[in-house]
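So the protein lines, in turn, are chains A and B. When we follow my numbering, the leftmost residue of the first sequence carries the number 1391, and every step to the right adds one. When we follow my numbering, the leftmost residue of the second sequence carries the number 5, and every step to the right adds one.
Check each hint, because a few of them may be wrong.
Claimed, not checked - Estimated spans, in silico, between C-beta atoms of each pair:
{"no.": "1", "chain 1": "B", "residue 1": "N135", "chain 2": "A", "residue 2": "Q1416", "range": "24 to 34 Å"}
{"no.": "2", "chain 1": "A", "residue 1": "S1515", "chain 2": "B", "residue 2": "E118", "range": "29 to 39 Å"}
{"no.": "3", "chain 1": "A", "residue 1": "T1408", "chain 2": "B", "residue 2": "A63", "range": "51 to 61 Å"}
{"no.": "4", "chain 1": "B", "residue 1": "S134", "chain 2": "A", "residue 2": "G1514", "range": "47 to 57 Å"}
{"no.": "5", "chain 1": "B", "residue 1": "F82", "chain 2": "A", "residue 2": "S1553", "range": "15 to 25 Å"}
{"no.": "6", "chain 1": "A", "residue 1": "D1475", "chain 2": "B", "residue 2": "I176", "range": "29 to 39 Å"}
Honestly, the hints are just simulated from the structure, not real lab data. Every residue gets a Cβ at the ideal spot worked out from N, C-alpha and C, and that includes glycine.
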Amino acid sequence: MNLLLKRILLPLTDFPLTVDAEIQSQVTAIFGPSGAGKTSLLDLIAGLRHPQSAFVQLGDRVLTDTATRANVPTRHRQIGYVPQDLALFPHLSVRQNLLYGCKDNPGSSSLFSFAHVIQILEIGSLTDRRVTNLSGGEKQRVALARALLASPQLLLLDEPLASLDTVLKSKIIPYLARIRDEFHVPMLFVTHDWHEVQALCGEALIMERGSIVRRERL
Amino acid sequence: MTGEECQLLWFTAWVSALSTILMLPFGLATAWLLARHDWPGKSVVETLVSLPLVMPPVATGLILLQILGEKGAVGGFFYRHFNLDIAFTWRGVLIALAVMSFPLLVRSTRVAFEQVNPRLEQIARTLGASNTRVFWTITLPLAAHGVIGGMLLAFARALGEFGATIMVAGYISGRTATLSTEIYHAFNNGDDAHAYRLLGMSVALAFLAVWSSELFMRRRKTAK
C-alpha cells in the first residue's frame, strides 16, 4: 500500500486533526486513546468528511487535493469501510447486505469472488438470515465480507473488535489475518488495544489529540 | 345511508387520497432536504411549509383563490391555454386539500428520515452506491413506516378540510361538495338527520385513518 496523507487539517471539537504521513505497510494500525481523532481520519480518507485542507493519494490516484479542488466522491474511491457499529443494513438479509457493493462498481467486481469470500470468513450458512438475528461475531464477519465484496483498494477498519469479548476477539483475529494473507488488501486498522496491533499489523501510527506523535515498526 | 351520501363519501375519500398521492413526491423531496441538508434560508422554507398549519384555513383558501382563479397566475394560464377551470371545480378541491395536508406529510416524513442512521447511508456510498440508490434502497425503506404514517395523517387532514375548500371550490352539490362542506350546508338548512349521518361517516373515516397512522408509527418504533 502507498497512502499519502499531506497537509491534513480538519477542525474537530476540541483540537484540529493535523496529519502528514506516508503509509506503506500492508496492515497499519492507528493506535491511540478514544477521542484522538482516529475515526475522523478514516472518515476523511473515505471522503465522508470534508477537510479545510488535505492531499490524499492512494497508489497513483489522487483522492483529495484541496489545493486544486480535486475530490473523488466516496462512491468512486473504492475504499471499503467497516465502522465501529458495523452499519449492516437492518432491513436487508445477509445475502442482500453482501451483494450491495457488488453493483455500481464496474471493473472491480471480479477481484474477489462471492464464494471465496464467504468461504474464507465462514458465513455460507448465514446468507439467508436477517442481520438482526446474527451474533456479534457473525455480524463482524458479514461486515468484513460486505466491504471486501465491493473490491476495495484499501480497507478501513474502525475498532472492529472493540465491541467483542476476549473469547470472540480471539476468534475474529484469525479471520482478519486471513483477509490480510489471502486477499492482500491493504488495511488501516483503528484500535486502542496493543495486542491487536501486535497480532495483525506491520506498523503502528500512534495518535494523540489529532496528530501522529510516533510511528512504530513491528 | 342514501346513494347520494355514498357518492359524497366516495368523492371525499378519493379526492383526499389523490391529493396525498400528488403531494407525495414534493413532500418526500422537501422532507429529505430538510432532514439531511443545511442551507442559508432553510428556516424560511421550514416556516413556509408549516404556514398552512397555523394560518386560518380561509386565509390560505383566499390566497389559493387568487392564484387559481381565472384571473390568477396559475388558474389564468390553464384557462387561456387549456380552457380548464380550477377554482370552483373538483380540481380546486384537490389542490386545496393537498396544500392544507402538505405540512403534516412533510413533518412526519422528515422525522422518519431523521431517524435513519446517516452512517448507514455513508457506508452504502463507500460500497459504490449513488445518492439516488442510497435514497431508494436505504433511506426510504428504513423510513417507510413513518412515510406511510405521514401519508395517512395527511389523508385524515384532507378528509376534514373545510375553510380552504369552501373558498377555492365553494359548495356545489354533486361537484365540489365534500363531507365537511355538506355537513355545514345540511346543518344550515335544518337537515339535521342528514348532517348527523354525515358526521358519523366523517368520524368513522377519520378514526380509521388516524388509527392506521398510529399503528404504522408504532411499528416503526418497535422495528428499531
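Right, here's what the structure says about each hint:
1. B/N135 <-> A/Q1416: 24 to 34 Å: holds (33 Å)
2. A/S1515 <-> B/E118: 29 to 39 Å: holds (37 Å)
3. A/T1408 <-> B/A63: 51 to 61 Å: For B/A63 against A/T1408, whose Cβ atoms are near 56 Å apart, the range 51 to 61 Å holds.
4. B/S134 <-> A/G1514: 47 to 57 Å: Between B/S134 and A/G1514, where Cβ atoms are some 30 Å apart, the hint is violated.
5. B/F82 <-> A/S1553: 15 to 25 Å: Violated, since B/F82 and A/S1553 (Cβ atoms, about 60 Å apart) do not stay within the stated range.
6. A/D1475 <-> B/I176: 29 to 39 Å: At roughly 58 Å between Cβ atoms, B/I176 and A/D1475 fall outside 29 to 39 Å, so the hint is violated.
Comparing the model with each earlier hint shows violations of hints 4, 5 and 6; every other hint is respected.
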